[in-house]
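Keeping the supplied structure of chain A fixed, place chain B upon it in accordance with the hints.
Protein chains: 2
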Amino acid sequence: MKLFGYWRSSASYRVRIALNLKGIDVEHIPVNLRAGEQREDNYAKINPQLLVPTLEREDGIRLTQSAAIIEYLEETVAGPALLPNDPLQRARIRSVMTLIGADTAPIQNLRVLKYLKGPLDLPQETVDDWARHWIATGLTSLEKMTASSSSSYLYTETPTAADCFLIPQIYNARRYDIDMSAFPRLSEVEATCLALPAFEAARPETQADAPDE
Amino acid sequence: MKLFGYWRSSASYRVRIALNLKGIDVEHIPVNLRAGEQREDNYAKINPQLLVPTLEREDGIRLTQSAAIIEYLEETVAGPALLPNDPLQRARIRSVMTLIGADTAPIQNLRVLKYLKGPLDLPQETVDDWARHWIATGLTSLEKMTASSSSSYLYTETPTAADCFLIPQIYNARRYDIDMSAFPRLSEVEATCLALPAFEAARPETQADAPDE
Numbered sequence: 002m003k004l005f006g007y008w009r010s011s012a013s014y015r016v017r018i019a020l021n022l023k024g025i026d027v028e029h030i031p032v033n034l035r036a037g038e039q040r041e042d043n044y045a046k047i048n049p050q051l052l053v054p055t056l057e058r059e060d061g062i063r064l065t066q067s068a069a070i071i072e073y074l075e076e077t078v079a080g081p082a083l084l085p086n087d088p089l090q091r092a093r094i095r096s097v098m099t100l101i102g103a104d105t106a107p108i109q110n111l112r113v114l115k116y117l118k119g120p121l122d123l124p125q126e127t128v129d130d131w132a133r134h135w136i137a138t139g140l141t142s143l144e145k146m147t148a149s150s151s152s153s154y155l156y157t158e159t160p161t162a163a164d165c166f167l168i169p170q171i172y173n174a175r176r177y178d179i180d181m182s183a184f185p186r187l188s189e190v191e192a193t194c195l196a197l198p199a200f201e202a203a204r205p206e207t208q209a210d211a212p213d214e
Numbered sequence: 002m003k004l005f006g007y008w009r010s011s012a013s014y015r016v017r018i019a020l021n022l023k024g025i026d027v028e029h030i031p032v033n034l035r036a037g038e039q040r041e042d043n044y045a046k047i048n049p050q051l052l053v054p055t056l057e058r059e060d061g062i063r064l065t066q067s068a069a070i071i072e073y074l075e076e077t078v079a080g081p082a083l084l085p086n087d088p089l090q091r092a093r094i095r096s097v098m099t100l101i102g103a104d105t106a107p108i109q110n111l112r113v114l115k116y117l118k119g120p121l122d123l124p125q126e127t128v129d130d131w132a133r134h135w136i137a138t139g140l141t142s143l144e145k146m147t148a149s150s151s152s153s154y155l156y157t158e159t160p161t162a163a164d165c166f167l168i169p170q171i172y173n174a175r176r177y178d179i180d181m182s183a184f185p186r187l188s189e190v191e192a193t194c195l196a197l198p199a200f201e202a203a204r205p206e207t208q209a210d211a212p213d214e
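Protein chains in written order, with the working numbering: chain A, 2 to 214; chain B, 2 to 214.
Just chain A, with the same shape it has in the complex (with noise of 0.2 Å):
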């Protein structure tokens, strides 16, 4: 299979550790966001949305939508399960997907800050705030959350999809210097996720298509 994603995009750096934990080999190609390759007529026609990731099976069709990725590979794929057998708790990790990738993600997310920056003519401070913002707003709902659970993971001693989730949001949160000293218990389950090889292949910096420097 082909995964076209960029290596910061987080919702392809979700789709890398659930491939990863599942260990599914894919070629990965790049599109790079930064230079608007998403919005040129060959990836539009990849994936209409413009965004990434997608994922092209070996026949073919394709795939968008992280969360939508990761619950494919959750139904079609043996290896570790992303997601528990209770209901109950496939709702609590779900409730955090979306907390995550509705209610935090796609508003700090690159097409909205240049909007901001664009058409809206703010500052760049004001941007940078704006994503601080939503970022943080998110992460207190979730400590909040999950404060009083002790297990390695999330909800869970084993990595769930929420933990696919959870990692690359608290990457943007380092990138825009957010403290994370503010979020004991989700600081913890970061910890406890890098150590984990799956999650350290995925991280941005290890990607072919991110600069040197």
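Note that these hints are calculated values from the structure, not bench results. Among these hints, one or two may not hold up.
Chain copies aren't distinguished; within one or between two, either way the pair holds.
[Unchecked claim] Derived BS3-like pairs (lysine-lysine); straight-line CA-CA distance at most 27 Å:
hint : residue 1 : residue 2
1    : Lys23     : Lys145
2    : Lys23     : Lys3
3    : Lys115    : Lys46
4    : Lys46     : Lys145
5    : Lys118    : Lys23
6    : Lys145    : Lys3
7    : Lys115    : Lys145
8    : Lys46     : Lys3
9    : Lys115    : Lys23
10   : Lys3      : Lys118
Chain B only, in chain A's frame:
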């Protein structure tokens, strides 16, 4: 069960449709987002994310996030399926859920518009243009993705979770005077949905907490 929601919240609207399609009666508890009731202690204890909807089971256990709630209902309640059986079809449905539930609605929901108007001090016209821009972006992608499909509902012959997400987003589009004639495929599916009692009974205007007028 109890559903904490708000008549005009599109996330609440999605869950109302799903509950109706499954034939589940719940007690509706209104949380007035305009009046800021979601930030009051009472509700903050129910949903630390200060968002609606929250579904409370008879045993008092609570579930948050419309997508997670709908998946939970699908996994635990008999009745018409809100997701097809085929994993690839399920991925398509979930991709639509995310296109709307993550990449469209949360960028133009009340708390984001309030931030643009309050802290960023932008004029109402700019705030309205913002909402229109992101709604139109989402619907344009979705129209492209589904234009070649001729099924009664978005991708199927019976309504799915994708349709539960579509209809509230179109409702929001109309609030912002977006010309729906640009989206013939989506408009066709909308008409088919709104002819069903499950969708009709979930409409914002028919909710107990909707203003009279």
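Hints versus structure:
With identical chains, the CA atoms of Lys23 and Lys145 are never at most 27 Å apart, being 29 Å at best within one copy and 32 Å at best between copies. Taking the shortest alpha-carbon separations for Lys23 and Lys3, only the intra-copy value of 15 Å comes in at or below 27 Å, while the best inter-copy value is 37 Å. Taking the shortest alpha-carbon separations for Lys115 and Lys46, only the intra-copy value of 23 Å comes in at or below 27 Å, while the best inter-copy value is 36 Å. For a Cα distance limit of 27 Å, the shortest separation of Lys46 from Lys145 across copies, 10 Å, qualifies, whereas the shortest one inside one copy, 41 Å, does not.
Within a single copy, Lys118 and Lys23 get their C-alpha atoms no closer than 39 Å, and across copies no closer than 44 Å, so neither meets the 27 Å cut-off. For a Cα distance limit of 27 Å, the shortest separation of Lys145 from Lys3 across copies, 23 Å, qualifies, whereas the shortest one inside one copy, 37 Å, does not. Taking the shortest alpha-carbon separations for Lys115 and Lys145, only the inter-copy value of 23 Å comes in at or below 27 Å, while the best intra-copy value is 31 Å. Taking the shortest Cα distances, Lys46 and Lys3 sit within 27 Å of each other inside one copy (15 Å), while across copies they are farther apart (44 Å).
Taking CA atoms no more than 27 Å apart as the test, Lys115 paired with Lys23 passes in neither setting, with 34 Å inside one copy and 41 Å between copies. When the C-alpha separation of Lys3 and Lys118 is checked against a cutoff of 27 Å, the pair qualifies neither within a copy, at 33 Å, nor between copies, at 42 Å.
The structure shown violates the earlier hints numbered 1, 5, 9 and 10.
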